[in-house]
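S.K.: Residues 1 to 185 in this note's numbering are what the sequence shown spells out, letter by letter.
Just so you know, not all the hints are guaranteed correct.
[Unchecked claim] For each label pair, taking beta carbons as the anchor points, the in silico distance ranges come out as:
#1 Val-173 x Tyr-125: 34 to 44 Å
#2 Lys-123 x Glu-84: 16 to 26 Å
#3 Pro-165 x Ala-107: 19 to 29 Å
#4 Ala-107 x Thr-161: 29 to 39 Å
#5 Asp-116 x Pro-168: 14 to 24 Å
In short, the hints are calculated from the structure, not lab data.
Please read all numbers here as calculations on a predicted model, not as lab measurements.
Note that beta-carbon positions come from the ideal geometry of N, C-alpha and C, so glycine has one too.
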Amino acid sequence: MSDQLSSFEFSHDSSNDADTEGPYSNRSTPSNSSSDTSELILNAWLLKPVEQLPLHPQIEVTNSIALNRTSKQVQHNSMPCEPEDIDLMPTTEDFLLCQRYLTRNGARTPITVAFDADMFLKKFYTLSPAFRLTFCAFVADLTLTDELGRSYYKRARRALTRVGPVEPSLESVQTCAFLYHFCVS
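Given only the sequences and the hints, what does the whole structure look like? Please build it.
M.R.: What follows is the structure, encoded as structure tokens:
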């Protein structure tokens, strides 16, 4: 059909206006022009009665659609909120303990053989609780009392068991190594 339309041009014949009916009543002469084909389609569309125009489909907005969306959002937002274990959250005291140990009370840049100490201090508050607390236990055992070291060790063990099985990573290996060294010493 589009091939037939592209090979014909319809011109306006004013003598046939009165005696023909329908939206295509005043087109009759074929010609070879593709630009006139688009004009034909446009004119045919413009001459249609309003009832026949292809408008956007009218969708009835019902209260049920709005209620379904709202209830889904409420269900998503009302998930059970469990408070985080306070023992697993990083504290300023934990950071200062590690920072004093790694920088020798601020006397040098943070350097250690086991890991990147500078990056450890920069990402201290975003590290996994098990790794952070295990290193705190290791440092507290070396520099502070044994009781404080054991307290950090218990928190680190709880953090490790709470996380469950983790993907093998350098951080998880370092966590296990620090726990091992703490237990052996």
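S.K.: Each hint: holds or not?
M.R.: Cross-check of the supplied hints:
no. : hint                          : verdict
1   : Val-173 x Tyr-125: 34 to 44 Å : violated, 22 Å
2   : Lys-123 x Glu-84: 16 to 26 Å  : holds, 18 Å
3   : Pro-165 x Ala-107: 19 to 29 Å : violated, 41 Å
4   : Ala-107 x Thr-161: 29 to 39 Å : holds, 37 Å
5   : Asp-116 x Pro-168: 14 to 24 Å : holds, 19 Å
Of the numbered hints given earlier, the model fails hints 1, 3; all others are met.
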